[in-house]
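Each chain, letter by letter, is given below.
2 protein chains.
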Amino acid sequence: MKELMNSIVEKGTILGEGILKVDSFLNHQVDPELMYQIGESFAQKFNDRHVTKVVTIEASGIAPALTTAQALGVPMIYARKTKSITMNSELLTTEVYSFTKQVTSTISISKHFLNEEDNVLLIDDFLANGQAAKGLIELVEQAGANVVGVGILIEKSYQQGRALLNDMGVEVVSLARIASMVEGEVEFLEADL
Amino acid sequence: MKELMNSIVEKGTILGEGILKVDSFLNHQVDPELMYQIGESFAQKFNDRHVTKVVTIEASGIAPALTTAQALGVPMIYARKTKSITMNSELLTTEVYSFTKQVTSTISISKHFLNEEDNVLLIDDFLANGQAAKGLIELVEQAGANVVGVGILIEKSYQQGRALLNDMGVEVVSLARIASMVEGEVEFLEADL
Numbered sequence: 001m002k003e004l005m006n007s008i009v010e011k012g013t014i015l016g017e018g019i020l021k022v023d024s025f026l027n028h029q030v031d032p033e034l035m036y037q038i039g040e041s042f043a044q045k046f047n048d049r050h051v052t053k054v055v056t057i058e059a060s061g062i063a064p065a066l067t068t069a070q071a072l073g074v075p076m077i078y079a080r081k082t083k084s085i086t087m088n089s090e091l092l093t094t095e096v097y098s099f100t101k102q103v104t105s106t107i108s109i110s111k112h113f114l115n116e117e118d119n120v121l122l123i124d125d126f127l128a129n130g131q132a133a134k135g136l137i138e139l140v141e142q143a144g145a146n147v148v149g150v151g152i153l154i155e156k157s158y159q160q161g162r163a164l165l166n167d168m169g170v171e172v173v174s175l176a177r178i179a180s181m182v183e184g185e186v187e188f189l190e191a192d193l
Numbered sequence: 001m002k003e004l005m006n007s008i009v010e011k012g013t014i015l016g017e018g019i020l021k022v023d024s025f026l027n028h029q030v031d032p033e034l035m036y037q038i039g040e041s042f043a044q045k046f047n048d049r050h051v052t053k054v055v056t057i058e059a060s061g062i063a064p065a066l067t068t069a070q071a072l073g074v075p076m077i078y079a080r081k082t083k084s085i086t087m088n089s090e091l092l093t094t095e096v097y098s099f100t101k102q103v104t105s106t107i108s109i110s111k112h113f114l115n116e117e118d119n120v121l122l123i124d125d126f127l128a129n130g131q132a133a134k135g136l137i138e139l140v141e142q143a144g145a146n147v148v149g150v151g152i153l154i155e156k157s158y159q160q161g162r163a164l165l166n167d168m169g170v171e172v173v174s175l176a177r178i179a180s181m182v183e184g185e186v187e188f189l190e191a192d193l
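For the record, the sequence lines run as chains A and B.
For the first sequence, position 68 matches number 68 in this note's numbering, and the numbering has no gaps at all.
For the second sequence, position 45 matches number 45 in this note's numbering, and the numbering has no gaps at all.
Since the hints were derived computationally from the structure, they do not count as laboratory data.
Mixed in with the good hints there might be a few duds.
One copy or two, it doesn't matter: identical chains are merged, so the pair holds either way.
[Stated by the list, open to error] Below are the BS3-like pairs computed for lysine-lysine, each with C-alpha atoms no more than 25 Å apart in a straight line: (1) Lys11 / Lys21; (2) Lys81 / Lys21; (3) Lys111 / Lys2; (4) Lys2 / Lys81.
The shape of chain A in the complex, shown without the other chains (with noise of 0.2 Å):
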């Protein structure tokens, strides 16, 4: 997708050992007009696919999620990271481990909020290692829910993520694939949308 691959040159910083910054537009401060087109390129996308619920984790999911789901004008889902003490229904739960950060951690969504009729398009902002999109997928195939997909609006495309995914049977449509950030220049492989 032009819009955000112009964002990630434009506005992006590589950081040391591989990690891209987009502080400025995606995950801290947010830019709501990007975030609108990308839920219209997903919800283009998945359109015919009958799609129940968006579903993503906490916090920089949320953003394009919600524009997603608007789109496809179905509700949007994000899995928690710590436990709300409103939360004291049965939950689905699985472990997410974090190569970046080194450390385990539960994530979880109410079962009352998804069911086996369900056809879950999964979004998230970042795929690398593709662990916590295989958690999503966890807690979906744990309500007995469908996965139609995972949309994904940066790809690190020389890491696991896709073929993890894919191995499990789910189909990965990312809005920019980085195939190497060397020298401080971001190089993409062609994007799904």
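With the hints as your guide, set chain B onto chain A.
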């Protein structure tokens, strides 16, 4: 705001100890159409106040802050509760005490995204004791920016939040004002919008 109050009555649940559970449409599963209407309402209210940024706090503030920012045509910023690995720049930080959780946490915003030219509209989902909103005001003031007001979805009007913020000279605009939650029934005051 009638649509929000209807959702609270129809889909909210009162738990013990004054806790209103709204996780089916607001802070776990999210109703995008309602968020869109909320954003339009706040934008209309603050339309002539030259808002340059909408600021909230992760995670449950992100959805209504995004739609408000979109309607106003300005960026949205969410204060973070944990320090991200890409937030290596100088930070505005303050402490927020949660009466509910009885813990003090640090919230932060990068100094890059707020300056003395900014007119900031704060958005949050709940106003009870006002500590989170007070923390956001402190961050904005550290940047030398101006707070034009605080937009709240659900105000617990029997608590001290509104008085605290008004004493700080800040206007509060709440879409639903709860007078009491007795015997499983929510009673509303007249809302600001």
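Hint check:
no.: 1; hint: Lys11 / Lys21; verdict: within (9 Å within a copy, 39 Å between copies)
no.: 2; hint: Lys81 / Lys21; verdict: both (22 Å within a copy, 18 Å between copies)
no.: 3; hint: Lys111 / Lys2; verdict: neither (37 Å within a copy, 29 Å between copies)
no.: 4; hint: Lys2 / Lys81; verdict: neither (32 Å within a copy, 32 Å between copies)
Figure legend: structure checked against the earlier numbered hints; hints not met, in rising order: 3, 4.
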